[in-house]
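Visitor: Listed below, chain by chain, are the residues.
Number of protein chains: 2
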Amino acid sequence: MIFSTDHLRTLCAAATIAGAAAVAHAQEDPLPSWNDGETKSAIVAFVEAVSEEGGPDFVPVPERVATFDNDGTLWAEQPMYTQLAFAIDRVKALADQNPDWKTTEPYSSILKGDIAKAFPNGVKDVLKVVLATHSGLTSDQYAAVVRDWLETSRHPAKGAAYTKMVYQPMLELLAYLRSNDFKTFIVSGGGIDFMRVFTEEVYGVPPEQVMGSSAKLKFDIVDGAPVLLKQPEMDFIDDGPGKPVGIGTHIGRKPIAAFGNSDGDLQMLQYTCLPPGPSFCLYVHHTDAKREWAYDRKATFGKLDKGLDAAASHGWTVVDMAKDWRVVFPD
Amino acid sequence: MIFSTDHLRTLCAAATIAGAAAVAHAQEDPLPSWNDGETKSAIVAFVEAVSEEGGPDFVPVPERVATFDNDGTLWAEQPMYTQLAFAIDRVKALADQNPDWKTTEPYSSILKGDIAKAFPNGVKDVLKVVLATHSGLTSDQYAAVVRDWLETSRHPAKGAAYTKMVYQPMLELLAYLRSNDFKTFIVSGGGIDFMRVFTEEVYGVPPEQVMGSSAKLKFDIVDGAPVLLKQPEMDFIDDGPGKPVGIGTHIGRKPIAAFGNSDGDLQMLQYTCLPPGPSFCLYVHHTDAKREWAYDRKATFGKLDKGLDAAASHGWTVVDMAKDWRVVFPD
Numbered sequence: 001m002i003f004s005t006d007h008l009r010t011l012c013a014a015a016t017i018a019g020a021a022a023v024a025h026a027q028e029d030p031l032p033s034w035n036d037g038e039t040k041s042a043i044v045a046f047v048e049a050v051s052e053e054g055g056p057d058f059v060p061v062p063e064r065v066a067t068f069d070n071d072g073t074l075w076a077e078q079p080m081y082t083q084l085a086f087a088i089d090r091v092k093a094l095a096d097q098n099p100d101w102k103t104t105e106p107y108s109s110i111l112k113g114d115i116a117k118a119f120p121n122g123v124k125d126v127l128k129v130v131l132a133t134h135s136g137l138t139s140d141q142y143a144a145v146v147r148d149w150l151e152t153s154r155h156p157a158k159g160a161a162y163t164k165m166v167y168q169p170m171l172e173l174l175a176y177l178r179s180n181d182f183k184t185f186i187v188s189g190g191g192i193d194f195m196r197v198f199t200e201e202v203y204g205v206p207p208e209q210v211m212g213s214s215a216k217l218k219f220d221i222v223d224g225a226p227v228l229l230k231q232p233e234m235d236f237i238d239d240g241p242g243k244p245v246g247i248g249t250h251i252g253r254k255p256i257a258a259f260g261n262s263d264g265d266l267q268m269l270q271y272t273c274l275p276p277g278p279s280f281c282l283y284v285h286h287t288d289a290k291r292e293w294a295y296d297r298k299a300t301f302g303k304l305d306k307g308l309d310a311a312a313s314h315g316w317t318v319v320d321m322a323k324d325w326r327v328v329f330p331d
Numbered sequence: 001m002i003f004s005t006d007h008l009r010t011l012c013a014a015a016t017i018a019g020a021a022a023v024a025h026a027q028e029d030p031l032p033s034w035n036d037g038e039t040k041s042a043i044v045a046f047v048e049a050v051s052e053e054g055g056p057d058f059v060p061v062p063e064r065v066a067t068f069d070n071d072g073t074l075w076a077e078q079p080m081y082t083q084l085a086f087a088i089d090r091v092k093a094l095a096d097q098n099p100d101w102k103t104t105e106p107y108s109s110i111l112k113g114d115i116a117k118a119f120p121n122g123v124k125d126v127l128k129v130v131l132a133t134h135s136g137l138t139s140d141q142y143a144a145v146v147r148d149w150l151e152t153s154r155h156p157a158k159g160a161a162y163t164k165m166v167y168q169p170m171l172e173l174l175a176y177l178r179s180n181d182f183k184t185f186i187v188s189g190g191g192i193d194f195m196r197v198f199t200e201e202v203y204g205v206p207p208e209q210v211m212g213s214s215a216k217l218k219f220d221i222v223d224g225a226p227v228l229l230k231q232p233e234m235d236f237i238d239d240g241p242g243k244p245v246g247i248g249t250h251i252g253r254k255p256i257a258a259f260g261n262s263d264g265d266l267q268m269l270q271y272t273c274l275p276p277g278p279s280f281c282l283y284v285h286h287t288d289a290k291r292e293w294a295y296d297r298k299a300t301f302g303k304l305d306k307g308l309d310a311a312a313s314h315g316w317t318v319v320d321m322a323k324d325w326r327v328v329f330p331d
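Residue numbers (this note's numbering), protein chains in the order written: chain A, 1 to 331; chain B, 1 to 331.
If you're looking for bench data, these hints aren't it; they were derived computationally from the structure. Hints are supplied without guarantee of correctness; some may be wrong.
No copy is singled out in the list; a pair is fine if it fits within one copy or between any two copies.
In silico lysine to aspartate or glutamate, EDC-like type, Cα no more than 20 Å apart, as pairs [to be verified]:
{"hint": "1", "residue 1": "Lys-323", "residue 2": "Asp-57"}
{"hint": "2", "residue 1": "Lys-218", "residue 2": "Asp-235"}
{"hint": "3", "residue 1": "Lys-164", "residue 2": "Asp-148"}
{"hint": "4", "residue 1": "Lys-102", "residue 2": "Asp-309"}
{"hint": "5", "residue 1": "Lys-306", "residue 2": "Asp-220"}
Hey, can you work out the whole structure from these sequences and the hints?
Guide: Structure (structure tokens):
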């Protein structure tokens, strides 16, 4: 029997469809770490609605922009922000070269281990110390310092590498959105070049899709090599109202889905979900003192107070971590 | 004759390869508007080298970042920057609402048509006027104003819509790079939200891959609707040393290919091509007074002086527009 090209093409198409169906069946639950229930159903319903060509809520692929906070949304932020742990270790490592730190705040409190006294204003204070300990480094040198620290440091409570302190259900959610042609972005109050060291490997988010707080950079050519030098001055704080501003500058398009866990994400969720049209906003509510941590309205890191009220009044989805997540961290 | 699944798979693979070869043959010249010669050969040789898996110059897909200047590199910038023509028209349109402009520079010179007097410092002056004429608008309102202007305005010398004043060979180059898994970015001194109105449709570059100069934005909720309001203050000037800085912040990864046409692009080309490793830098040299314009070392807009020297000393590719381009503009 001889197959014509057309016949072969038909056979191939049939084989491809059969293969695709088998794959679809094997992977039929894209969110296996999410327990069945309202939260999971709401996510799936939204993604299916915007992906349904010809449907009333269809959104063209280029507009499928989803933004994620990082600390407390994609990875743990207790007992303190990971970048704060990093900054403290850097202060200790550089203390000998900076003898004046023994008598200068916030360094002296950091060196004495009094973290609450060192950082009374949360993320802004942390960024100030990060700036001071890294200005003068090139972007590449800084990335190497972060990479080394992430490889060697362990979480104080869980003993795991920080890059394993990520939420398995959120990794699945990122992948699920991308498999439905969403472009996933990180929009974090944390340092942009701190995150870019690991976001591609850990989250599948390339550096150009990461927004964060940043120091000013200076271009120079040193010994014939072009470098970007970190300056001791903040350029942008990507928190609160800074999040929609950063999205406006960096993406230039409103997201249709936004994911956060604190009041610092509120404006990003408002920007995404207040306009008419299909959109999805979700808060991760930390309710799981046993497997992770339980905190919200009175937390030092990751305070979720106005955000909870906004979620209730706008009907945004709230993850009850203890109830909605079958597992929290990867194996 | 019965085909096993494996057999069918082999046949299908063979058919796919044969089909791909046929397509490749049909499209064998990805740059039909480029005349054969050294310039075209250099482009193709670079793209093939970095795409050759296992080859000595292979570059993994995520690192295939290419950055393009806009004015004078992707579209015409004579007799003045397009955004300057836009700014002049905006000043005229808003003059009645701003009676003081009759006696205030640079507005009075603009209204009198004395452009040289109005903008002695080039792009920075232009941006100042653009700021003044658009602060208080939301991003969406501003985009609508630009869209309307682009639809109704015509180039003073060529009579074409500005979005047709783009270079056909560069459109092919953008597409050729993308077909080899490059991610293409625009890095322009022009206003970021001015460009984003047309870059996706005209260049195939989505808004999140466009960098430019920008005004500060302010997030607000007006009548229940979230908006980004343009502020009367520059946030970032994406020109000269600002280009590698913008790339560092926005992309977070060194390009391996960069394309420009003026001294304002020099630092971007240095950042891209001075480090060791496979890279490609190209200057478009405007040598075609007949079909376009001829200008370089003494130009008011798009001065190319130090850049020409740097290209000669580093061996960067220089497009001789008159010689290298079979056509300049699309039909």
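Visitor: Indicate, hint by hint, whether the structure satisfies it.
Guide: Hint by hint, here is what the structure shows:
no., hint, verdict
1, Lys-323 <-> Asp-57, "neither (29 Å within a copy, 51 Å between copies)"
2, Lys-218 <-> Asp-235, "both (11 Å within a copy, 15 Å between copies)"
3, Lys-164 <-> Asp-148, "within (15 Å within a copy, 50 Å between copies)"
4, Lys-102 <-> Asp-309, "neither (43 Å within a copy, 51 Å between copies)"
5, Lys-306 <-> Asp-220, "between (44 Å within a copy, 16 Å between copies)"
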